[in-house]
Each structure stands twice: as C-alpha cells, then as structure tokens.
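Protein chains: 2
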Amino acid sequence: MSEEDKTLIEILEENNPIDIIKYINFVRAPKCGAIATFSGTTRDTFDGKAVVELRYEAYVPMAIRCIKSICTSARETWNLNLIAVAHCLGPVPVGGTSVFIATSSVHRVDALDACQYLIDELKATVPIWKKEVYANGEVWKENSEFLERRTEIGENFQPGPFNSSRPRASPKPGPLNRSSEKKGCCGNKVRVDEERSNKKNDDNTGIHQ
Amino acid sequence: MSEEDKTLIEILEENNPIDIIKYINFVRAPKCGAIATFSGTTRDTFDGKAVVELRYEAYVPMAIRCIKSICTSARETWNLNLIAVAHCLGPVPVGGTSVFIATSSVHRVDALDACQYLIDELKATVPIWKKEVYANGEVWKENSEFLERRTEIGENFQPGPFNSSRPRASPKPGPLNRSSEKKGCCGNKVRVDEERSNKKNDDNTGIHQ
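First to last, the protein sequences are chains A and B.
Numbering-wise, the UniProt record's numbering puts 184 at position 184 of the first sequence, and it's gapless, one number per residue.
Numbering-wise, the UniProt record's numbering puts 208 at position 208 of the second sequence, and it's gapless, one number per residue.
Source of the hints: derived by calculation from the structure; they are not laboratory data.
Since the model is a prediction, treat every value here as computed from it, not as a measurement.
Check each hint, because a few of them may be wrong.
Copies of the same chain are indistinguishable here, so a pair counts whether it falls within one copy or spans any two.
Claimed, not checked - Here are the simulated PhoX-like pairs of lysine-lysine, each with C-alpha atoms no more than 20 Å apart in a straight line:
#1 K22 / K49
#2 K31 / K68
#3 K31 / K131
#4 K31 / K6
#5 K130 / K49
#6 K22 / K6
#7 K130 / K31
#8 K31 / K141
#9 K6 / K131
#10 K49 / K31
In isolation and in its complexed conformation, chain A is listed as follows (with noise of 0.2 Å):
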C-alpha cells in the first residue's frame, strides 16, 4: 500500500458535514494498536462574543497540497500507518465539526504526537479561511497561528514540523536534526486574486490579498 493510499484528504463542499466515523473506520487496521482523532468544533463565543456560526473558505488545490505536504512530515516523523484529514467548507454551525484529524500506529505514542503535528501544522500553514459570523456582524479571521508563522517566515524562518511555537511531545530525535532541510508548502500566503475578483459582497479584511 502506497503512501498515497494510506492518506485519505478531503475538503468538504459547503452541507457535507464530517462523517466522523468514516475516517476512523478508513485508519482502524489490523497491525495498528492506536488510533488518535482530533476534531475542531465551532465555539459560541470568541473573544466575548457571541458567535452564531464559522464559514469557512479554501484555495482546494493547494489547501490540498498543503495537508500532504503536512502528511509527509508526520510520516517522516513518526511511525504511522493510516492518516485522514478533512475539512470543511462553508457554514458550521455552533458545535459542529469543521476539521477533523485521525491517526493510527502500532503504538500509542505515535498516532497521539503525530495527530498534535498535524492540526498544530495545519492551523498554521494551510490556506483555509474562516469569517466569524457573530450575532451583530461578521469578519474575517486569518488564523493567528498563521500570521505567527509567516512573521517567523518575515525573520528567514524555515518551515517544518519542529519549528512551531510550541514543544512536541515526544518527538524522535532524529527529524530535529532534519528541520533545518525542510520547506512546508505554505509558509507563506497564498495569492488567490481570482478567488477574489469573483467574489461580491466581499468584507474580506485582507485575507486574500
């Protein structure tokens, strides 16, 4: 089985909702004694207020290469067997299930550290927009971990899978010798001006510049 084939990534047109379930059932295998998942879930408040729904938007290509390019590092990093990234677009309402991750591995160690990497990654490197819609308005919010990133990137940073701004857990020694060599595929923002030429209404804050 190739890598490819142990790699399941799916951006979700607008009322798909995640089918949780499907992307256990996709790692669950027979060699594997593990398996890890997180989900991102639409929160009622932010910053205190109140929030009726996220709505999310993505550049698919390359929010697609992103998430491999993510997927290989996880690979190179830690012994995994399965992973399944999906995500979102459009409305998700409070509670709902924007982004959900799962990992699998011989042992538990594995699946659990690499899961981390791969939402901390994603968060921070991967082209997906969200506009928060509050009770009284609504804007668009550029990940914060994002804009980190791409400060770090401003100060010759090098984007890889031990450079974020928090520690890992029990990484194996030796990638951290590699990060120097590594390049993520979206260190930097992605310019997508016929995204936003063909978009009205735009209250767009600057997210597609």
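Place chain B on chain A using the hints.
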C-alpha cells in the same frame, strides 16, 4: 454542572462494543473548540505471535474509582470541559476498540494533552487485565506500564500525573510543583482474591495475586 456530571466512565460488560459516537457527542459542547480522542485497538500480532483476540477482566468498582481519580487529576492540570472514558470487558477481536477516551476543551492544547495523559495513566494504574489469545494458546498479561509503575512505587515513587516514564506535551507549569502532593488511587496491584476463587480454569500467570 458538577465535575461528576461532566465525566462519563463506563466499563462495558461482554458483547457491548464501544459506541464511539456516543462518547464524542457526550464531550461535544457549544463552549468548546476542541475534542481529542484515543482508541486502543487489538493488534493482530504481539512479539511476533499471531493474536486472535484480547480478553479483558476488571474488578469493576476499583477500576471505576481509579479512572475517576485520574480524571480528577487531569482536571487539576488542564482546562477541560467534558471527559468520557469507556473500557470493554470480555473478548475484543483484532481491529476492535477495547478502550476509548474523549476530552473536550475551549482550546485544543488542553484536550490533546489531557487525552494523552489519561491513556498513559489508565494503562499504568487502572486494574484491568488482559488475556492475549493466540492461534496456539493464550496468556494473561499484566500491562508492562503497570509493572513499571509498581516498580517505581517500590522505590518510594509517588504516583501523580507527571511521574510516568515519558515526557508530557506542554503541561502547564503549575501542576508540576504539585506532583509530590498527589497520590493515585491504584498505584499498587489490587487484591481480588474473591474473584480469583470464583474463576474456573484460571491460567493466570500471577495477575490476581
């Protein structure tokens, strides 16, 4: 909502498979942005031998008491909203889930790190035993992490969330200072002689001693 209402612990009798969605939905909440889960599944090989299934036994009241204790420790260490822990008894076939943990929190670091802590502590301190059933025989196994912890206790070890053998991901600095004050409920092997005496054809290799 009391801490007790926010924690669901279930030890499932034989032939009651773990309903993963039930536990994920238990921890899902409007105020949370993150759900982390861990599934422990039966591997098809162990030490090069083909495994047919695992069979679990527990002294249920003590197992529940111990799981409650580690959930309380987790809440003292991370900002968690809801926790669910389920463990099967009886046979679990290859690929099946024997243990499932779900945690939810406002920010993902808490759910992810607590989930990892909970499975580490469950394996190391909760009195649940497994029989590995191979194609050509079967053997009761004490979890190696349980044995390690017992050895540590023999060396005047204080059970607590930061005393297990591998490093934690991003713990808050505070609780590290409290570890010497903490005691797990099940740091040493539980005596369940009455269960042993009721057990027929017991090929136990010294687990219920």
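How the hints compare with the structure:
Neither within a single protomer nor between protomers do K22 and K49 lie at most 20 Å apart by alpha-carbon distance, with minima of 34 Å and 30 Å respectively. For a Cα distance limit of 20 Å, the shortest separation of K31 from K68 qualifies neither inside one copy, at 23 Å, nor across copies, at 31 Å. Within a single copy, K31 and K131 get their C-alpha atoms only as close as 41 Å, which misses the 20 Å cut-off; across copies the closest is 18 Å, which meets it. Proximity of K31 to K6 under the C-alpha cut-off of 20 Å is restricted to the intra-copy arrangement: shortest distance 13 Å within a copy versus 34 Å between copies.
Taking CA atoms no more than 20 Å apart as the test, K130 paired with K49 passes inside one copy only; the shortest distance there is 16 Å, against 49 Å between copies. For the homomeric pair K22 and K6, the shortest alpha-carbon distance inside one copy (14 Å) is at most 20 Å, but the shortest distance between copies (27 Å) is not. Taking CA atoms no more than 20 Å apart as the test, K130 paired with K31 passes between copies only; the shortest distance there is 18 Å, against 38 Å inside one copy. Taking the closest pair of Cα atoms, K31 and K141 come within 20 Å of each other only across two copies (19 Å); inside a single copy the shortest separation is 41 Å, beyond that limit.
Taking the shortest alpha-carbon separations for K6 and K131, neither the intra-copy value of 32 Å nor the inter-copy value of 31 Å comes in at or below 20 Å. Taking the closest pair of Cα atoms, K49 and K31 come within 20 Å of each other only across two copies (12 Å); inside a single copy the shortest separation is 46 Å, beyond that limit.
Comparing the model with each earlier hint shows violations of hints 1, 2 and 9; every other hint is respected.
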